[in-house]
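Participant: One letter stands for each residue in the lines below.
There are 2 protein chains.
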Amino acid sequence: MDLLNNYLIYLIPVFGLVGILVMAIKSAWVTKQETGDASMNELAGYIADGAMAFLRAEWKILSYFVVVAGLLLAWSGTTVATSSPVIAISFVIGAFLSAFAGYLGMRIATKSNVRTTQAAKTSLAQALKVSFTGGTVMGLGVAGLAIIGLGSLFIVFYTMYVKNVAGATVNGDDMAKALDVLAGFSLGAESIALFARVGGGIYTKAADVGADLVGKVEAGIPEDDVRNPATIADNVGDNVGDVAGMGADLFGSYVATMLATMVLGREIVSNDAFGGIAPVLLPMVIAGLGLLFSIVGASLVKIKNETDSVQKALNIGNWASIILTAVATYFLVQWMLPNDSFHMLRDEDANHAIKAGSLVFTKNGVFGSILVGLVVGTLMSIITEYYTAMGKRPVMSIIRQSATGHATNIIGGLAVGMESTVLPILVLAAGIYGSYFFAGLYGVAIAAAGMMATTAMQLAIDAFGPIADNAGGIAEMSRLPEEVRGRTDNLDAVGNTTAATGKGFAIASAALTSLALFAAFVGVAGIEHIDIYKANVLAGLFVGGMIPFIFSALCISAVGRAAMAMVEEVRRQFREIPGIMEYKARPEYEKCVEISTKASIREMVAPGLIALITPIVVGFIFGPEVLGGLLAGVTVSGVLMGIFQSNAGGAWDNAKKSFEKGVEINGEIYYKKSEPHKASVTGDTVGDPFKDTSGPSMNILIKLMSIVSLVIAPHLNTNETGVKTAQRQEKVQSITVHVVQVDKKL
Amino acid sequence: MDLLNNYLIYLIPVFGLVGILVMAIKSAWVTKQETGDASMNELAGYIADGAMAFLRAEWKILSYFVVVAGLLLAWSGTTVATSSPVIAISFVIGAFLSAFAGYLGMRIATKSNVRTTQAAKTSLAQALKVSFTGGTVMGLGVAGLAIIGLGSLFIVFYTMYVKNVAGATVNGDDMAKALDVLAGFSLGAESIALFARVGGGIYTKAADVGADLVGKVEAGIPEDDVRNPATIADNVGDNVGDVAGMGADLFGSYVATMLATMVLGREIVSNDAFGGIAPVLLPMVIAGLGLLFSIVGASLVKIKNETDSVQKALNIGNWASIILTAVATYFLVQWMLPNDSFHMLRDEDANHAIKAGSLVFTKNGVFGSILVGLVVGTLMSIITEYYTAMGKRPVMSIIRQSATGHATNIIGGLAVGMESTVLPILVLAAGIYGSYFFAGLYGVAIAAAGMMATTAMQLAIDAFGPIADNAGGIAEMSRLPEEVRGRTDNLDAVGNTTAATGKGFAIASAALTSLALFAAFVGVAGIEHIDIYKANVLAGLFVGGMIPFIFSALCISAVGRAAMAMVEEVRRQFREIPGIMEYKARPEYEKCVEISTKASIREMVAPGLIALITPIVVGFIFGPEVLGGLLAGVTVSGVLMGIFQSNAGGAWDNAKKSFEKGVEINGEIYYKKSEPHKASVTGDTVGDPFKDTSGPSMNILIKLMSIVSLVIAPHLNTNETGVKTAQRQEKVQSITVHVVQVDKKL
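Read top to bottom, the protein sequences are chains X and H. Heads up: the first sequence runs through residues 0 to 745, numbered per numbering that gives the first Met the number 0. Heads up: the second sequence runs through residues 0 to 745, numbered per numbering that gives the first Met the number 0.
The hints are simulated quantities; they were obtained by calculation from the structure and are not laboratory data. Mixed in with the good hints there might be a few duds.
Given that identical chains are not distinguished, each listed pair holds provided it fits within a single copy or across any two copies.
[What the hints assert, rightly or not] Derived pair list, reagent style DSSO-like, types lysine-lysine, alpha-carbon separation capped at 30 Å:
{"no.": "1", "residue 1": "128", "residue 2": "301"}
{"no.": "2", "residue 1": "677", "residue 2": "215"}
{"no.": "3", "residue 1": "303", "residue 2": "354"}
{"no.": "4", "residue 1": "656", "residue 2": "162"}
{"no.": "5", "residue 1": "597", "residue 2": "311"}
{"no.": "6", "residue 1": "597", "residue 2": "391"}
{"no.": "7", "residue 1": "671", "residue 2": "215"}
{"no.": "8", "residue 1": "215", "residue 2": "583"}
{"no.": "9", "residue 1": "391", "residue 2": "311"}
{"no.": "10", "residue 1": "677", "residue 2": "656"}
{"no.": "11", "residue 1": "533", "residue 2": "656"}
{"no.": "12", "residue 1": "660", "residue 2": "597"}
{"no.": "13", "residue 1": "660", "residue 2": "533"}
{"no.": "14", "residue 1": "120", "residue 2": "354"}
{"no.": "15", "residue 1": "301", "residue 2": "311"}
{"no.": "16", "residue 1": "583", "residue 2": "597"}
{"no.": "17", "residue 1": "128", "residue 2": "533"}
Kindly produce the complete structure, drawing on both the sequences and the hints.
Facilitator: Given below as structure tokens:
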């Protein structure tokens, strides 16, 4: 057992390697599935090429960004004693792995789509197997790369700054330095995530709205029609937005949550068998277990007959992975954390006595916080589903208000979106309160870590949706039989529900992650309070609250502008290329793909820079406490705007979809093409950028701004100079004492 | 001069009396103007009756509320030593005066409208004179009643709790008690304001949207057509929403600003010639001067020729009153405040030495803060105008996006609304920073007081708009000659601009007022910090941020429901009363008025109770610091949602109006009835509840929740018991010493 204690740190990347191994096997299985006829392959080829074209264009821009930001980080690392230029390497690796995770997901998604279509010719069970395995590859890839990256870098930095030094001399800031440098990894991951989410979100909606405006409205051809030059761009959009964007988002959350918990864990004075660093290691080990049980859960997702419920199969897998992880985490906590109570270093006075009124907590408390995190995540998904599901009151109210026209449909959707913030916020507030009650700020962070533990499974379910959607598109474009499209439609419908619940989960995780990062920031910046009674902090709170509004405005209007450019191009092709309408000439799909790519890459820059630069400017000019106010404002306003926009968009979407089967309003049944349906289409179009561009970007916005703040925290001047360094030295002394003891045992 | 010093307190209500006297003269002048022919008088009669019917219905419900809340206040006043049951009386007087101010405004508005129509037969100059005099009556009435009420009650409570006691024994909490009781006045005023604003807002938009949906769309008759049963309700709505609602809103802001400044002024240790209470008296005297100079400014608003600019005339009057008040305030501050520097009591240690890092300020600093307030108010108006004015970039962008349909028009408007939060928030943040820099938290409060000083003039300009609007409606319904309607349209167009700038001003004043109340609350609750680093405070911040969202959702969907009820009724009348369409039968206007009245009264309850009850529940369960977090969340989110909704609504409105004269989109000119115009009508309808119901209600929401918190503050348990009482005793001792000295001199 002693041996395990001492080598646990080296075991962490192994969890990730297991994940990647299973991913490779599943990926190979998908690859060897049949791909169907030539027409299907041609279309799938266009989509795969378009997706890669976007990635290449995005990577080109982002590589400049990574180089510039990396150099700045390296330079800044040399300016402060507590910091290190090594952070630049950490940053580049984070950025690279995030981009690589996106690439893996996109490659498997663009393979799985056509194979799912082909499998749907056989049975629903087989189609589910192919599409969900594709999703699993994505999930395992993201989680595996994150754990390998974070775990390995931690070993390196721990060896560099803590372990090796420890035997020799006691250096003041060792563990802090290791984690400061590790924060660069998270910053790299989250920066790429922001651009991927915003760029992908603009891409997918520009193509979607543009294709619909000219194709459906002007030319009168159906959705997913091969004659529409923008249809490939539309299908590419599903991959770059929903697959790569969502993957990067959760990769970032996953890493940021672990990092924030580790930073707070560093501040804990704990008499454990791991040299006092058990609270630092715990989140990574939980993630490792969660990854293993995600593999177990994913293996349970299967159906036998055509009439079996796909949703039920997904739920079984999801719940299995969550419950197994929770049980395993209980034993893990019992093993890793000490039997005595423990506390934060900042709660000690100069004589190591715990200050009056300070919080002391136990390993059972920590497990309590993890459970709170799991409950919050589950409730958020349920609430989100209620507000966006067909047949429930919110969507029904929008349908009813569609009867009096476009305007009342919009008013109805906006009201639903605003109302839908109430329960999530109350759940979140109760979650903050509860997890803090059990284990202080560390509890808030570890709650987020618990919630994120099964990210691989969550992402498998999330990525399955757009794969099924694409499969349906290929079936439609290839004009396959009704039976095949029925199966892909079945999968697609489940995918719509999981997309909604996935968004609820993503928002909850982002909120808790941001709070954990916020707490970590305060610790690293070495400030005692963030007092909104101070005028400057309050001003920061106002400015922070405003940022999600301007960020959303930029995203929404970018979609509008990019969609207009797409419209122009489609009109040009219809005009200049004779024979498109008669299936005699192939439209220049790649031109539309290029338009969407260029526009999204161009338009993602401004919102991205706001998120990156604001905390730096505010932090250096006004100090860490005002920056803390800014972060609180961004987080509160961002969570609210995220929930509002995502749910309004989801509800509008399903209100429109309800007309496909017919809806009753005041005793009359209305179908597609009726006036109320037209009004519902308006709502859906407004909801598109809400739910797929600006809404989900809020998650990354709030996380990224928190991480930037965390990274610059050691550089900020505080009024309480010395507090920080003194506290760190205390902690590091207690760690190094343990490390020396451990070293002797080996 | 000594005599003036000692009796200044008694002079304050005299300012108010002067205002009321001038108001009476101007009111008499309006009343004796010609009212036109029988048809005009009949229509005006319906409008006046409808408006009174709404007021009576509202008063009935509100009287129950006032009785219940008054009894609760009286009871709670007996439970805490620092409080008094007298607060109930103060509350009832505040509620009564607020309602009475609304009544005065509505009565003069319903008189001025038809007289303006009649005057428009003669000349534009005369029409402006009548309508603006009507507005002035409203402005002077609101400001006059507020100053009389607050000033007289202060004299009474000062005499009861401070002055008379002072000569005998030193009682610990004298001045604090006087101001705690006075807070009841503000609570009464703001409660009524909330119901008036929300109820009026729902009324006016339910009638407006309902009338349009059946009249314009289904029956194909123009706006303001006598055959539409809802047309009178629509015109009544302008009065109950824009006149009474706006009046109550600004009455509440005006009183709350003075009160908050007085509460903070109480905490100042000042060696002035007024027994140390100069900082407490100052805001009321500034308001008095502002009222006098508003009378001067109003007298300058006049034009001579038909081609003179109405806007310019209003600007001259506005600027004159602001500049004169600023100059007078400079001398006032020089006279009233001491030459030595002064500071907040909380910044003293036990030995009366000023703590390190504390803020010390001077009379010039206080004047600096007042100037900051004036600048903030002016900038907010200018920015609001930019974002909502015809021909400027934001409105033009919405017009362009109308070319591709309803959805893109909505996306455009939402983006403009969100973007429009940026500059106002930066101005506000700079204003907070600047006014705090000059004079600490007292500076933030006095900045708001400075901004609100010329409320009478602001309100005169605001109320002039709906009077002109109504005058145009009467001209239309009575089918008066083109020339007359041209003049009322001219006034109405100016009224639209002033409505937009007025909203910017109202939001800025509400924001600063709330911050002042927030600061006052912290002082009265006796807490040292509001630390958002604490998990429970952060949870409070989240819940607070959510409240404006649910409040807006309730307001918006209330308008939707009430409009549907209106639609049903109008359809019934068209069906059951033969001859309406041929002008042979009079529609039952009063039925529609009743529907709108009942619906708005019913729907205003839920949002009102949220605003009133949330702070009480949170305060008593979670304590004052969490309540502080809640208030900060409400304020930030409320200001953002207020600006977003008001500006989006205003921009949509003017985008639609731009089509009347024709707009160019991509080289083509579009007019009314074109497809882009129809899309713009959708935006305008969505914007209606945004800009006239939920948006402006945000102002009162944030103020009311702050006032409720201030009133309950003495009842809340703090962890730092004793701090509060000790501080108050210190201050009151210094005051009583001065009072004894002053008394001896007399």
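Participant: Take the hints in turn and mark each one as holding or not.
Facilitator: These are the hints, each one checked on the structure:
In this homomeric assembly, residue 128 and residue 301 come within 30 Å of each other (Cα to Cα) only inside a single copy, at 7 Å, whereas the closest approach across copies is 79 Å. Taking CA atoms no more than 30 Å apart as the test, residue 677 paired with residue 215 passes in both settings, with 12 Å inside one copy and 20 Å between copies. For the homomeric pair residue 303 and residue 354, neither the shortest alpha-carbon distance inside one copy (61 Å) nor that between copies (76 Å) is at most 30 Å. Taking the shortest Cα distances, residue 656 and residue 162 never come within 30 Å of each other, neither inside one copy (59 Å) nor across copies (72 Å).
When the C-alpha separation of residue 597 and residue 311 is checked against a cutoff of 30 Å, the pair qualifies neither within a copy, at 41 Å, nor between copies, at 48 Å. In this assembly of identical chains, the alpha carbons of residue 597 and residue 391 lie at most 30 Å apart only when taken from different copies (29 Å versus 40 Å within one copy). Within a single copy, residue 671 and residue 215 get their C-alpha atoms as close as 13 Å, and across copies as close as 26 Å, so both meet the 30 Å cut-off. Taking identical chains as interchangeable, the C-alpha atoms of residue 215 and residue 583 lie at most 30 Å apart only when both belong to the same chain, with a minimum of 20 Å there against 48 Å between chains.
For the homomeric pair residue 391 and residue 311, the shortest alpha-carbon distance inside one copy (19 Å) is at most 30 Å, but the shortest distance between copies (54 Å) is not. In this homomeric assembly, residue 677 and residue 656 come within 30 Å of each other (Cα to Cα) both inside a single copy, at 11 Å, and across copies, at 25 Å. Taking identical chains as interchangeable, the C-alpha atoms of residue 533 and residue 656 are never at most 30 Å apart, the minima being 50 Å within one chain and 44 Å between chains. In this assembly of identical chains, the alpha carbons of residue 660 and residue 597 never lie at most 30 Å apart, being 38 Å within a copy and 37 Å across copies at closest.
In this assembly of identical chains, residue 660 and residue 533 lie within 30 Å of each other by CA distance neither inside one copy nor across copies; the values are 57 Å within and 50 Å between. Taking CA atoms no more than 30 Å apart as the test, residue 120 paired with residue 354 passes in neither setting, with 69 Å inside one copy and 80 Å between copies. For the identical chains of this complex, residue 301 and residue 311 are intra-copy neighbours only, at 9 Å inside a copy versus 74 Å across copies, given an alpha-carbon limit of 30 Å. Within a single copy, residue 583 and residue 597 get their C-alpha atoms as close as 29 Å, which meets the 30 Å cut-off; across copies the closest is 64 Å, which misses it.
For the identical chains of this complex, residue 128 and residue 533 are neighbours neither inside a copy (57 Å) nor across copies (47 Å), given an alpha-carbon limit of 30 Å.
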